[in-house]
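Peer 1: Heads up: the protein sequence lines correspond to chains H and R, in order.
Just so we're aligned: 132 in this note's numbering is position 132 of the first sequence, and the numbers increase by one with no gaps anywhere.
Just so we're aligned: 236 in this note's numbering is position 236 of the second sequence, and the numbers increase by one with no gaps anywhere.
Bear in mind the hints are in silico, worked out from the structure with no lab data behind them.
One should not assume that every hint holds.
[As the list claims (entries may be wrong)] Short derived list, chain R residues pointing at chain H, Cβ under 7 Å: (1) 1; (2) 93; (3) 105; (4) 142; (5) 178; (6) 179; (7) 182; (8) 253; (9) 297.
Note that the Cβ used here is the ideal one computed from N, Cα and C, for glycine as well.
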Amino acid sequence: MKVLVTVKRVVDPQVKVRVKSDGSGVQTANIKMAMNPFCEIAVEQAVRMKEAGVVTEIVAVSIGAPQCQETLRTAMAMGADRGILVETGVEVQPLGIAKVLKAIVDKESPRLVIMGKQGVDDDNNQSGQMLAALLGWPQGTFISAIAINGDSADCVREIDSGLEKVTLRLPAVVTTDLRLNEPRYVTLPNIMKAKKKPLEVVKPEALGVDVAPRLKILKVQEPARRGAGVKVADVKELVAKLKHEAKVI
Amino acid sequence: MAVLVIAEHDGKSLRPGTANAVTAAGRMGGDVTVLTAGLQCGAAAQAAARLAGVKKVLLCEAPQYEGFLAENLAALIVPLAAGYSHVVAPATGFGKNLMPRVAAQLDVQQVSDISAVESPDTFVRPIYAGNVLATVQSGDRIKVVTVRATGFDAAGESAAPAPIETLAPAADAGLSKFNGQEVHKSDRPELTAARVIVSGGRGMGSAENFKILEALADKLGAAVGASRAAVDSGFVPNDYQVGQTGKIVAPELYIAVGISGAIQHLAGMKDSKVIVAINKDAEAPIFAVANYWLVEDLFKAVPELTKEL
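Sequences are here, hints too, so could you generate the full structure?
Peer 2: Structural data, given as structure tokens:
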């Protein structure tokens, strides 16, 4: 079974981002970048399924600037077999991402697409669901477990009130949640091997996709800061403050 | 202009977030219609009809909507959406799963998790774990929007209930099957609706130790939450998680116990009215957002706090 995984290059989650002084966007120049944590989980899941003999080929896809090749090489070092970069200078929004991925899926015919549930930069949580819609495939979002049973995938989903079980007919799109797996560290030998794996670069136009953004970003700003708080000496002082000063109890 | 709100419910009542989505919808211009679709949801439809600002309720009951499967609900909503300028849902797990599927089939770019409505086509949304607010404008003919509940008050009760109209179901897409849920019953308030939340982190050390927080929560009538670290370690189930990729809460009082204050956790609670942090690490980043903080061993401080109350 062929699996497609998507990997997004994002600002490292430990970095506290700053807004440009003109409010036009977030400062990303010279900032440490990383593979989106949910995408790492997606790649890891595909690799585990390959190690278990359920998956035969893993194709990793990324969309964006040339530097996304590094992200694809990391995916290949984790175990993906080859990579496809859809290179564009546009900040592609989820609808555009879904359309690009649909074009790739139409060419590659994977049986399963595994994506991260959200990018920790724009926090949209849309692309997987949109891709499933455009393909007319079922979607299993926020999965914490997946088992392939013949023509279908049994998934456990993390929902607001606990866990849910669904069965999806294949082919399907699933999006990963935190507890699906713990991604492996890439080893140096695998990083070296990954340099030799095939990496294809295509442009969105070659796929017949218009990636122009639909939403216009009018401005970005930092939220209002909370006022400074105070340290309390002991529990008694805390209770007094909560009762008489904050009046919340 | 007219707004269609997709209600989240459990059949009997509306779930937290829906009333807030109705408030947000009211700011987008035009009459607000609420859709309650599910296996059996007459009672939920009646609850929706009583919300202030709702002009009409559509009720759709069919077996294919059990478990609120996105494939089937989207098939119902997409043809319906043509009559509306906006389609809105709460940005809960339910709305996040469903709405992008609707948006893609309408060929529009969804605006996720808005915290404010500036005008019918302009919205504010948090990005980068809430460290940045983006003001975005949509030129799409139909705006598909999910609403961050903490950005809007819940709509109150109206004087007279709105009319309820029955809607014929769409066909089962036949793509997915719902196989049940594992949910935890609790007498405590829901995390996303609670006035007070007591939340534990890695510092709690074990599932057993969460009993200390439960005792405190009982005294305060509070909900119990947790950081990702506590959930990953198996101390509490996943639905306790507060954070960037878990629940977003903004209670009157949030007590963070043994939580260091990672960016991803702050994203979920930094809009709480009053934040208290108890941690034995004097350098814990959570102190920077706390109104009051106590540097003490939580195993001493929390039982003492429970006793004092």
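Peer 1: Does each hint hold? Answer for all of them.
Peer 2: Results for each hint:
| no. | hint | in the structure |
| --- | --- | --- |
| 1 | 1 | violated, 19 Å |
| 2 | 93 | holds, 4 Å |
| 3 | 105 | holds, 5 Å |
| 4 | 142 | violated, 12 Å |
| 5 | 178 | holds, 6 Å |
| 6 | 179 | holds, 4 Å |
| 7 | 182 | holds, 4 Å |
| 8 | 253 | holds, 4 Å |
| 9 | 297 | violated, 12 Å |
Figure legend: structure checked against the earlier numbered hints; hints not met, in rising order: 1, 4 and 9.
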